[in-house]
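**Student:** The residues making up each chain are set out below.
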Amino acid sequence: MKIKLPSFFSKENDITKSLLKVQPVNRSTLYNVLCALFPNIWLILFFLCPLIIIFKISISTEVYTIPPFKELFSIIDKYSVNVYLSIKNYMELIADSYYSTAFINSILLASISTVLCLIFGFFIAHALISIKSGARTILLLLISLSFWTSFLLRIYAWINLLSFHGIVNSLLLKFHIIDNPIRFIGNYGTVCLGMVFCYLPFMIFPIYSILEKMDVSCLEAAADLGSRPTQTFWRITFPLSMPGIYSGCILVFSTSIGEFVIPELLGGPDTLTLGRVLWIEFFNNLNWPAASAVAIVVMFIIILPGFIFQKRIALSGGIEGVQTT
Amino acid sequence: MPGGGSNIAMREPEIWEDIHSNPYIKIEDVSKFHGETNILKEISFSVYKGELFSLLGQSGCGKTTLLRILAGLDAPTSGKVIIDGVDVTNWPSYKRPVNMVFQSYALFPHMTVYQNIAFGLRQEGLIKAAIDKRIKEILALVQLSGFEEKKTTQLSGGQKQRVALARSLAKLPKLLLLDEPLAALDKKLREQTQFELVNIQERIGITFILVTHDQEEAMTISTRMAVMDDGRIKQIGAPHDVYEFPHSRYVAEFIGNINMFEGIVVEQELDYVLVEVPDLDCWCYAAHTGVVPLGTSVNLAIRPEKVMISTVKPAYPRNWTKGVVKEIAYLGSISVFYVQLKTGKIMTAFTTNLLRLSDRNFKWEDVVYLFWRAENSVVLTS
Chain A
1 MKIKLPSFFS KENDITKSLL KVQPVNRSTL YNVLCALFPN IWLILFFLCP
51 LIIIFKISIS TEVYTIPPFK ELFSIIDKYS VNVYLSIKNY MELIADSYYS
101 TAFINSILLA SISTVLCLIF GFFIAHALIS IKSGARTILL LLISLSFWTS
151 FLLRIYAWIN LLSFHGIVNS LLLKFHIIDN PIRFIGNYGT VCLGMVFCYL
201 PFMIFPIYSI LEKMDVSCLE AAADLGSRPT QTFWRITFPL SMPGIYSGCI
251 LVFSTSIGEF VIPELLGGPD TLTLGRVLWI EFFNNLNWPA ASAVAIVVMF
301 IIILPGFIFQ KRIALSGGIE GVQTT
Chain B
1 MPGGGSNIAM REPEIWEDIH SNPYIKIEDV SKFHGETNIL KEISFSVYKG
51 ELFSLLGQSG CGKTTLLRIL AGLDAPTSGK VIIDGVDVTN WPSYKRPVNM
101 VFQSYALFPH MTVYQNIAFG LRQEGLIKAA IDKRIKEILA LVQLSGFEEK
151 KTTQLSGGQK QRVALARSLA KLPKLLLLDE PLAALDKKLR EQTQFELVNI
201 QERIGITFIL VTHDQEEAMT ISTRMAVMDD GRIKQIGAPH DVYEFPHSRY
251 VAEFIGNINM FEGIVVEQEL DYVLVEVPDL DCWCYAAHTG VVPLGTSVNL
301 AIRPEKVMIS TVKPAYPRNW TKGVVKEIAY LGSISVFYVQ LKTGKIMTAF
351 TTNLLRLSDR NFKWEDVVYL FWRAENSVVL TS
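Protein sequences appear in the order of chains A and B. Just so we're aligned: the first sequence equals residues 1 to 325 in my numbering. Just so we're aligned: the second sequence equals residues 1 to 382 in my numbering.
Since the hints were derived computationally from the structure, they do not count as laboratory data. Where hints are given, some of them may not hold.
As the list claims (entries may be wrong) - Cβ-Cβ distance ranges computed for the label pairs, FRET-style:
#1 A:P39 - B:G60: 43 to 49 angstroms
#2 B:V86 - A:I182: 49 to 55 angstroms
#3 B:H240 - A:S209: 47 to 53 angstroms
Claimed, not checked - Covered stretches of chain B, as calculated for chain A (at least 3 residues, CB under 8 angstroms):
#4 74 to 81
#5 115 to 124
#6 209 to 215
Virtual Cβ for every residue (Gly too), placed ideally from N, Cα, C.
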């Protein structure tokens with residue numbers, strides 16, 4: 001007996017066809033190897049090699065030659081090599097209060113800037129997501145615009161604003177709020193201001209991207225379960241934006257700890273930070289080994305929180321602030 | 001309703017049929033505009049205590065918006081929401097004695113199952129021992145005992161759904177809202193969970209309002225359901241009433257399958273009307289749901305499972321037609337016969353497969369007679 005099936009039954013045929021279809025051919029192995037190789041080669045050439053050179057200089061001794069350090073290995077004859085290794089530079093970093101002050105100053109400056117950036121950055125990012133998407137795009141564009149203008153130019157603008165005869169002082173004088181101009185520039189406060197101003201976008205963008213992806217229904221669920229808006233913020237929004245906060249903080253902290261330009265331009269002559277110490281040792285004192293030792297230690301200071309937070313981010317288990325459903 | 005009238009008088013009236021019962025949740029003239037779009041158009045209905053009420057409709061009909069208005073997540077443009085005698089229209093979500101199970105479950109991904117459920121309980125200022133006890137009970141109810149310390153990201157879809165349910169139930173709300181609670185589950189699990197949901201609801205007696213686009217789901221679990229279309233409620237009633245006695249063409253076609261024929265009323269009796277249906281080439285007695293004047297053009301609706309097939313011509317003159325079997329769809333438990341009538345229109349009929357296909361006495365291209373009982377056809381005027 002012949003039974004004609006209605007059209008919707010032919011769907012099954014399509015399914016079996018697609019099941020039988022051959023899986024797409026794997027990409028060529030050469031392509032995979034190249035893909036894996038390229039970033040590794042890049043890192044070896046432009047990160048590891050320079051790092052090894054710097055490390056090598058940091059364990060050599062200072063001499064007045066060109067280049068101003070003693071080679072680690074010197075060949076005496078066919079059978080013997082002289083090796084000069086010195087940890088003097090590292091010991092000096094601890095012993096000399098000049099360096100330790102610079103370290104403490106820089107860590108403090110970077111920490112305060114990071115905290116301030118976090119407060120303002122979170123506020124701005126949170127405000128951004130509550131704005132309609134049209135206006136939001138323009139605001140995001142304006143924030144990134146400050147990235148595209150020259151860094152130096154922006155710092156110079158602050159000098160113009162805050163200098164002894166700058167705009168702020170002349171305005172304050174004009175409205176008789178003060179009688180004598182105030183010396184704004186030349187202290188740690190203005191350095192901090194400059195850092196917050198310059199690195200704020202580093203904080204805004206990672207937090208913004210997390211908040212934007214956040215499942216709104218999670219916040220609605222919190223409200224539905226009886227949580228007031230402020231409680232919802234501290235117990236849901238804030239913990240869920242942790243991955244963004246971590247990456248924002250690492251970005252701001254690691255860039256501001258070694259910062260040279262901002263302390264140089266907005267700080268006073270006695271503003272002692274790691275960036276300036278590096279510059280002075282390298283170019284004024286021509287003490288490459290000491291400068292290299294500072295650079296190596298700075299790198300560890302930057303890497304360390306990165307490692308700690310990376311573990312934290314990994315531990316918080318793929319939250320990413322979004323639900324996969 | 002022919003034949004039904006006496007039955008209703010015999011049995012205990014349902015809570016919504018009893019004029020003495022007070023509505024527990026009352027929605028009065030609720031309208032909602034989103035910009036220029038009118039999402040809800042003056043919706044009014046009541047839900048009684050302990051009901052499992054479904055809002056059924058296609059996506060975009062406004063059912064989810066209505067649910068969100070009940071939860072306090074959206075505000076109505078006009079109208080009132082009254083829960084247990086209190087007007088809560090202007091109450092924020094966190095104050096309402098209402099909880100919601102979200103379609104995406106909206107579990108907090110950074111918390112364990114315990115913390116998720118405790119979140120809502122802490123807001124009530126319960127002490128830890130009381131919270132622990134409540135969580136233990138509620139997890140036992142949804143059959144997830146021992147899952148307290150699991151991360152929500154480690155759970156399967158069905159488990160997440162239960163945690164979401166437990167989290168909302170733990171607050172012992174006056175009204176529980178469920179937004180497509182089973183949509184994300186696969187078919188087998190969905191059917192199983194449907195009955196669990198009904199069981200849980202019956203045991204704790206909380207009033208449920210559920211949103212779904214799945215008519216089978218709504219029919220299976222609800223005490224009453226409201227069919228919504230384009231921001232309006234088309235019909236409210238118990239599932240069997242809505243299915244058997246649809247008020248409009250929309251509801252008839254939306255719920256289940258139906259054969260629809262245009263006709264003209266030629267005779268009106270006390271309980272029946274006689275409709276002339278050109279497609280069926282006969283005059284048909286039909287039950288009617290309202291007053292239908294003579295000469296009105298109406299739709300005669302007959303459910304396919306109410307249509308019987310035979311090769312023998314019926315002995316009476318009304319309520320049957322003749323056609324040619326064009327297609328037979330064998331669906332395992334039932335077969336669907338597509339019968340072409342004289343005018344070319346196709347009428348469908350379901351038959352249970354009591355016999356194996358090869359033993360059937362009518363086949364493809366055979367001439368068959370289709371007939372149905374008068375009380376199984378409905379006259380629709382709108």
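**Student:** Range hint 47 to 53 angstroms: satisfied by the CB atoms of H240 of chain B and S209 of chain A?
**Tutor:** Taking Cβ atoms as reference, H240 of chain B and S209 of chain A lie about 52 angstroms apart, which means the hint holds.
**Student:** Are at least 3 residues of the segment 74 to 81 of chain B within less than 8 angstroms of chain A when you compare beta carbons?
**Tutor:** violated (count 0)
**Student:** Taking 43 to 49 angstroms as the stated bounds, is the beta-carbon spacing between P39 of chain A and G60 of chain B within them?
**Tutor:** holds, 47 angstroms
**Student:** Using C-beta distances, would you say chain A covers the segment 115 to 124 of chain B, given that this needs three or more residues below 8 angstroms?
**Tutor:** holds (count 4)
**Student:** Do three or more residues from the segment 209 to 215 of chain B put their C-beta atoms closer than 8 angstroms to C-beta atoms of chain A?
**Tutor:** violated (count 0)
**Student:** Measuring from beta carbon to beta carbon, are V86 of chain B and I182 of chain A in 49 to 55 angstroms?
**Tutor:** violated, 60 angstroms
Hint compliance for this structure: hints 2, 4 and 6 are not met, and every other hint is.
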